[in-house]
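Protein chains in written order, with this note's numbering: chain X, 52 to 201; chain Y, 353 to 829.
Keep in mind that the hints were calculated from the coordinates and are not lab data. Only a predicted model underlies this, so the values are computations on that prediction, with no experimental measurement involved. Treat the hints loosely; a few may be bogus.
[Unchecked claim] SDA-like, lysine to any residue: derived pairs with alpha carbons at most 20 angstroms apart: (1) K58(X) / D578(Y); (2) K58(X) / R511(Y); (3) K573(Y) / G718(Y); (4) K58(X) / V577(Y); (5) K199(X) / D763(Y); (6) K467(Y) / P168(X); (7) K467(Y) / E115(X); (8) K199(X) / Y681(Y); (9) K512(Y) / A61(X); (10) K58(X) / M631(Y); (11) K58(X) / L517(Y); (12) K467(Y) / Q176(X); (13) K512(Y) / R62(X); (14) K199(X) / S762(Y); (15) K58(X) / G576(Y); (16) K774(Y) / A132(X); (17) K512(Y) / T57(X); (18) K58(X) / R579(Y); (19) K467(Y) / K199(X); (20) K199(X) / Q767(Y); (21) K199(X) / R760(Y); (22) K150(X) / A107(X); (23) K774(Y) / K58(X); (24) K58(X) / R642(Y); (25) K512(Y) / M60(X); (26) K774(Y) / N63(X); (27) K819(Y) / R642(Y); (28) K467(Y) / D578(Y); (29) K774(Y) / S166(X); (30) K774(Y) / G163(X); (31) K467(Y) / H108(X); (32) K199(X) / R511(Y); (33) K467(Y) / Q169(X); (34) K58(X) / N638(Y).
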Amino acid sequence: MAQTFTKTMARNIFYGGSVFFFLLFLALTFDTSMALPERDRREVLDPNTELGRQIAHGKALWEENNCIGCHSLLGEGAYFAPELGNVYVRFGNNTEAIKAFIQSRPAEGIPGRRSMPQFNFAPDQLEAIAQFLKYASEINTAGWPPNKQG
Amino acid sequence: MKYPSQGVARLYFIAAIALFAAQILFGLIMGLQYVIGDFLFPAIPFNVARMVHTNALIVWLLMGFMGAAYYLVPEEAERDLIAPWLAKLMFWIFLVAAALTVVGYLFVPYAGLAKMTGNELLPTMGREFLEQPTITKIGIVIVALAFLFNIGGTILTGRKTVVNLVLLIGLVGLAVFFLFSFYNPTNLVLDKYFWWWVVHLWVEGVWELILGSILAFVLIKTTGVDREVVEKWLYVIIAMTLITGIIGTGHHYYWIGTPEYWQWWGSIFSAMEPIPFFMMTVFAFNMVNRRRRNHPNKAAMLWALGTAVMAFLGAGVWGFLHTLSPVNYYTHGTQITAAHGHMAFYGAYVMIVLAIISYAMPIMNGREANSQRSQVLEMWSFWLMTVSMVFITLFLTAAGILQVYLQRFSDAPMQFMLVQDKIAIFYWLRELTGLVFLIGLVLYIWSFFVASKEPGLTSAAVDQALKGNGGTAAAIA
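Construct the entire structure; sequences and hints are all you get.
This is the structure:
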């Protein structure tokens, strides 16, 4: 590097640049948080409603069974099993189909094949998970995924 | 070793390598499950193997960073650690917490682990990479605070160098952004938005500062190049890292419910994220070419150059491959992501930790560098692991391209599982290459045992040998 470019200048670019772009990031985050209510379906999450409680319960079950360890949700997670952000749409906009699939998994797996574990969920738990996945499918994801196969 | 307290790094490095071995074993299990779906089912389902694979990686890299800090901070600050006993105590707490967590993953169903550890009181589990029980996360925060107290206190009361300050900024950032792992709202978009503040702002932000400062330290020590030159490079590199990487977070905000303008911010800024990695490569080769001494530890130098190249390829090139939003629309959440993740983590973070271990371990064992035979073994392990990681990445990329085409791009998109069957050949090739990686790892560990049995190399011996070779030393000087 040329002699005219000193270490002090490099240091100032580091501190100045980092602070500037972090503040810009905070500003964008603020703007995003203003725009989200129109996109993230938060109206169905109201904990004072039966549906809101079901979705919260469904998300807790999703997390406590580490579903993300095999599946992706809105494209994030593991890539071992299908995307579930749009599973409600893929299953014909039908929560019953989702519940039936989860219930149908054999406890000992399928010889030679990948298979989802049998979680032995109670009926209210199945309903909660299905409602959570339905909610996820209703988030405005800018048109992703490209088709219903996820 | 100039200061006795630097020696605590030894514990951290040994534990890091042990966890590295565990990570690779579980990686091989997962790789086999990709093609033999019921392998170890239901005893170790895929999600459990994956948790061990990714969490072991994170913990051993953190162990490596901590070990690196305990080793290099006293040397840079020209004083002993303010509390070596605390460093030892925190090591055992961290190790036991990590071991218990892994035992929990393997022997208790995940939902049972959540119940046992009271996840409902403060739900943080079950999110990718943040699967640890809440109590483990609290343990990580305590260990991190004690670590920062020790390192920060040593830095602030000693000689302040750029290497130390940059390392400290990186480590403080690491601790601060980890706090977002405790924020887990029901609103999935907000959950994901701030989850990235841990994940992205770690690996494409503050961890790169840690990487840069460790690399700068190793290069100063092994090349003897003037500190002023190295420090200027370091500032420029990390400036570019944060200038591009902070807004670059936007490349994760394309499809998770956030506004469409992130497609512009994310694409433009993350397209520039390879720049600091490229500069790091130029920097490392420049310093080695302008070296003022011939350090007897050739293996450490190889890891340092290797990390600069592989970080650029894995994080820079393979990141750029799928970072533009029109491309990412098709590649998001496919094997392309997995390909990038593997080479980026190996190149940027695995290799830098192995570089500092390679440099510091012999010194902590009382020799300037390991014996010729030990170094040759280590360099073999370097090439085996690095080349196999290149091929793992290429096979996953091939799998990813086919997956994108069959599942998302063609006129008749196929179901996920049908596509997985079609691309199985690449998963087999990846698994075989993974076995080569394992051989490399075995050689790597073996090189330590060879080193312990033989006298080490010294600078004097290296200079003597070079003089004997017709004045090469004079030419280099």
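For which of the previously enumerated hints does the structure constitute a violation, in increasing order of number? Violated hints (numbers, rising): 19, 23, 26, 28, 32; every other hint is consistent with the structure.
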